[in-house]
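Read top to bottom, the protein sequences are chains A and B. Letter 3 of the first sequence, counting from 1, is numbered 17 in my numbering, and no numbers are missing. Letter 172 of the second sequence, counting from 1, is numbered 179 in my numbering, and no numbers are missing.
Fair warning: there could be bad hints in the mix.
Calculated cross-link-like contacts (lysine-lysine; reagent style DSBU-like; alpha-carbon spacing at most 35 Å) [unchecked claim]: (1) K184(B) - K224(B); (2) K184(B) - K87(A); (3) K71(A) - K202(A); (4) K224(B) - K107(A); (5) K22(B) - K87(A); (6) K107(A) - K87(A); (7) K87(A) - K37(B); (8) K98(A) - K147(B); (9) K192(B) - K107(A); (10) K87(A) - K67(B); (11) K71(A) - K147(B); (12) K71(A) - K149(A); (13) K122(A) - K149(A).
The hints are simulated quantities; they were obtained by calculation from the structure and are not laboratory data. A quick note: this is a predicted structure, and the numbers were derived from the prediction, not measured.
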Amino acid sequence: MATASSSLTTSSMFTFPPTYSFPPFFSPQPNAQTRSAQLSKWSSLVQSYCRHHRIFKLLLSDALESPLFHNSKLMRRLSAHDAKAVVDYMTSKEGGNRAEWIGPATEKASAWIWWRRPEEWAGVLEAWVDGTGQKGTVLTLYELVEGEATENQEFHGMDMEVLRKSLGTLVKKGKAQVFGGEGQEGVKFF
Amino acid sequence: MSNRRGVGLGAFTNKNQTSQSYASHGSQLKSLNAASLQTQLSVFQSLLHTFALEHAADIKSNPTFRAEFARMCNAIGVDPLAASNVKGKRTKSLWARVLGNDVNDFYFEVAVRIVELCRATRTENGGLLGVTECCQMVAKGKAIGGGLQITEDDILRAVKSLEPLGSGFNVISIGSKQYIRSIPKELNTDQSKVLEVLQILGFVTIAMLQINLQWEKARATTVVEDLVADSLVWVDVQAEETEYWSPQNLLDDRG
């Protein structure tokens, strides 16, 4: 399962954008205009980094020590406070709702990073089910994420909770039905 | 005319006659010359026309070729973009008249890209975009039609074509570099000086300004603060002494 702790250290090299080697990028900019440009750059960096390493849930304390927020070559790092500000920005409408804090609002220790939002994942799943003619068949959640049939799919190995969330959006639209208990859930697409 | 060594009174009339016939012959020659020049010019223009039509594709796609062509137009005193904006009056520019609207449109297209770029990067560079950087970014642009192969010369020409719009886009020189300025604002000499230093070093600190330019602390601080306020520089507080960086090298990961 791809969570922050397990995959931050694995996977092939991620190519950081040029901004990453720009020292002021790691300090909060006093000018409001510059600041907003900075935050939007951080947002896209966090998204592409998480996409590359298939991180769904970002644990802030881990991320602060990872290359994402810590450029050891430059000896610059994002402070915990600034990292929170980045994620805060991503959760805002201005930041495109690309993140969501997990747990109580006061804690802000980890967050979902929506490099694909649940409804976008739902679209991908739907297209695959449609394309393989499996409408009306019952599929287990495990099979969807870990099954051989989905090995080349982008959603292969995705976070179970994210999967549930995306299926939830389909259920709401009446396009799927989820049944069964924890651990052996199945889903049927209409 | 036969007696050239006229002496005495007769010489006066002779001289008169001579100068008169010289004059008439001269004007004859002049009109002849003018006529032949006119033909030459019109021949040249029509040749330029055919040439341009024949190579319209090259002119559009090959930056070196285009620059050479523009240079040729300049050499014969033709400003290709002049009068291009009074379309209603049917006085089209040379680009438009000679080449059809194609090449003219090319520069407008480039101009549109430039405006887009300036707007997109305005928050990060305070409306000052290096011509070189602009050129690179247009070249690898992700806009419709993909990258456009252009030279800095094209950029300057395109920015010039925006002038009549009163949009406040213009090209300024700081140090050895040219910038497109998309926010109308005057830079004072101190600010220009700091931007010049930034070109060379990438960043400055207050102490550096004090030592190298012999500025008092207050002066250096004011200039730098002004630049920050105009979002022309970024601040790095994690350095030993606060560093102020030029965002010009931030190109770019957008998209």
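Original post:
Any of the earlier hints contradicted here, and which numbers?
Top reply: 4, 5, 7, 10 and 13
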